[in-house]
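Asker: Sequence:
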Amino acid sequence: MKKNYDFSQAKRGPVVAQSPGKTSITIRIDDDILDWFREQADVAGGGNYQSMINEALRSHMAGASGSVEKVLRRVVREELQRAKKRPVKAA
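Numbering follows this note's numbering, with no gaps: position 88 of the sequence shown is 88.
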């Protein structure tokens, strides 16, 4: 290696654009979780473990919104049952 390099004529290389709709973040994940996703990517014959984590989060979001709907429907049914059992008050 040389002690000094001349970068006066250097040109910056192209910057790789990120996919639209995706944001690069830094996140701390437990080692065992990360290892599991990496293993799953290997078992699948390669692939991107980050995409697998993204899909798992998306599935959780879809399931979570469904559970809110289920709870709301249950509460409405219970309240309707209670209303049917109450005597009607004369005005």
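Calculated from the structure, these hints are not laboratory results.
Watch out, some of these pointers could steer you wrong.
[To be verified] Ranges between beta-carbon positions, derived for each pair:
#1 Asp6 with Arg38: 40 to 46 Å
#2 Gln81 with Ser24: 28 to 34 Å
#3 Gly47 with Arg73: 34 to 40 Å
#4 Arg38 with Val68: 47 to 53 Å
#5 Arg12 with Val68: 17 to 23 Å
#6 Asn4 with His60: 52 to 58 Å
Think of the CB as a built atom: it goes at the ideal place given N, C-alpha and C, for glycine as much as any other residue.
Asker: Now tell me if each hint is right for this structure.
Answerer: How the hints compare with the structure:
no.	hint	in the structure
1	Asp6 with Arg38: 40 to 46 Å	42 Å, holds
2	Gln81 with Ser24: 28 to 34 Å	50 Å, violated
3	Gly47 with Arg73: 34 to 40 Å	37 Å, holds
4	Arg38 with Val68: 47 to 53 Å	32 Å, violated
5	Arg12 with Val68: 17 to 23 Å	49 Å, violated
6	Asn4 with His60: 52 to 58 Å	53 Å, holds
Checked against the numbered hints given earlier, the structure breaks hints 2, 4 and 5 and satisfies all the rest.
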